[in-house]
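Since the structure of chain A is already known, use the hints to place chain B on it.
Here the protein sequences come in this chain order: A and B. Counting from 1, position 82 in the first sequence corresponds to residue 82 in our numbering; the numbering is continuous, with no gaps. Heads up, our numbering is the position in the second sequence plus 1000, with the first residue counted as 1.
Think of the hints as simulated: they come from the structure by calculation, not from any bench. Note that the structure is predicted; figures quoted are calculated from it, not measured. We put the CB at the ideal spot given by N, CA and C, even for glycine. Mixed in with the good hints there might be a few duds.
Unchecked claim - Residues from chain B that face chain A, not an exhaustive set, calculated with beta carbons under 8 Å:
1. 1002
2. 1082
3. 1084
4. 1104
What the hints assert, rightly or not - Which stretches of chain A does chain B cover? Using the computed rule of at least three CB atoms under 8 Å from a CB of chain B, they are:
5. 139-146
6. 151-165
7. 183-190
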Amino acid sequence: MPELLSDSLTGLLVPALVSALVPLALTLKVALTATAGACALGVGAGYALSRRGLPGRDFLDAVCTLPLVLPPTVIGYYLLVLFGRRGVLGQWLQQTFGVSLVFTWQGAALAACVVAFPLVCKGARTAFEGVDQNLEHAARSLGAGECSVFVRVSLPLAWRGVLSGAMLALARAMGEFGATLMLAGNLPGRTQTLSLAIYDAAQAGRDNEAMFLVVLTSGVCVLLLLASGKFLKLSPTT
Amino acid sequence: MALRLNIKKTLRSGAREFELAAAFEAQGRSIVLFGPSGSGKTLTLRAVAGLMAPESGRIELDGRCLFDAATGCNVPARERGVGLMFQDYALFPHLSVAQNVGFGLGCGLPGLFGRLDAAGRSRVAELLELASLSDLAEARPARLSGGQRQRVALLRALARSPRALLLDEPFSALDPLLRARMRREVRSMCQTLGTPTLLITHDPDDVAEFGGTVVLYDEGRVRRVVAFRDGPEGGAEGGPGARALVLGEHFKAYG
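So that you can see chain A by itself, here it is in the shape it has in the complex (with noise of 0.2 Å):
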């Protein structure tokens, strides 16, 4: 008897894991480059909206957040209609560099760094906003520049609340489905992640394989989650 139980133990999770070892690379992958992308955009896009003076604020937010509450499939149009064969900046990118984000895991990369942009962008701004403004008018009244005044004030006493928004971002990267399906296609082993293969294998009918996959990408993201929460609660000062 056990060793029958043991027998379809390793018949189902050895298949299961090795199936689920192509898309999760491929995975992380895509949603880290997809992070990196988000945070040197969300930070610089951040900081600027922290800034009181700056022109038409309200309206460069409403724009920063839109991918946050855009439905995937239409962020992933306009992608599309960008970047596709067609678009002008995808007939810039095949006459200059010979390239085409069409069915690319980097074109996977692009569709989850737009949709992760506003995580960052978000936190990296209530980041900047809780850092006194005194502490920049001091470092400016010293000498420093605005680019000083970033780099060795403005950053070291946000960059918890920006790495928050980094883990968040690179949660929702990891599950991006919508935008990456009509950018790059489902094709496995090339833009296939985790999510669009749970989608693949449910529609097929692999319940033990859609079950695995689906159980996996959740202990990650709580994971994520529960680091993003940690570095939130730690003050900035200590």
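Using the frame of chain A, we list chain B on its own:
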């Protein structure tokens, strides 16, 4: 220090409106702006430091134009060469005492990462020695007492040998015993380093200690300017006379 100032600025918050229209000329080692809370002293100080741009007028320090609405001149805060000590000290919580004091000495790319050259490091050590803070060089501001924090803020502002040191209500947050001691300490430190001071306060005892030229503020206007004589070592002389003067003054803000 010679300060010539003539500025206008209107602040609105909801239905309330405050208009600052201050004009005065003052000279000497010590200038004190005295007046009730909300009479526009802090706003004036921020305008001199370059943290706030007036709507109109002109600010001139030692003959150098810092701000002139007519010619569009507005020197950025980092190039004004004045030290500023905030009421709440505004020490950088993520930096050590030594890094706080040396903040303004680092320049160029190494400065971006808080690195100091040999001259900068020895300047910081010399200043910390002067204020008996050498043992706390590596401590974070959160660990310091109120008096120690004020010393660090003072050294940080003086490290770059500014043309003038601006002090915003520097002693109001301290308890009375410490206040009297820090008042003497700050003044003697500024005299030792030869830095003139522009102090704003609503405490008559501050006026008695710092003296010099006293500018009386009331409801956004300068009421009058009283100059006390300069002391023997180039320090300004205030004393009981200055204290009696501001106590005898009738301020409209107090009804």
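Tested hints:
1. At about 20 Å, the closest approach between the beta carbon of residue 1002 (chain B) and any beta carbon in chain A exceeds 8 Å, and the interface hint on this residue is violated.
2. Nearest Cβ of chain A to the Cβ of residue 1082 (chain B): about 7 Å, under the 8 Å cut. The hint holds.
3. Of the supplied interface hints, the one on residue 1084 (chain B) holds, with its beta-carbon coming within about 4 Å of a beta-carbon of chain A, less than 8 Å.
4. Interface restraint check: residue 1104 (chain B) against chain A, minimum CB-CB distance 3 Å, threshold 8 Å, status holds.
5. Under a criterion of three residues with beta carbons nearer than 8 Å to beta carbons of chain B, the stated coverage of the stretch 139-146 of chain A is upheld, 7 such residues being counted.
6. For the stretch 151-165 of chain A, the stated coverage by chain B is satisfied: 5 residues place a CB nearer than 8 Å to a CB of that chain, which reaches the threshold of 3.
7. Under a criterion of three residues with beta carbons nearer than 8 Å to beta carbons of chain B, the stated coverage of the stretch 183-190 of chain A fails, only 0 such residues being counted.
Hint check: violations occur at hints 1 and 7; the rest are consistent with the structure.
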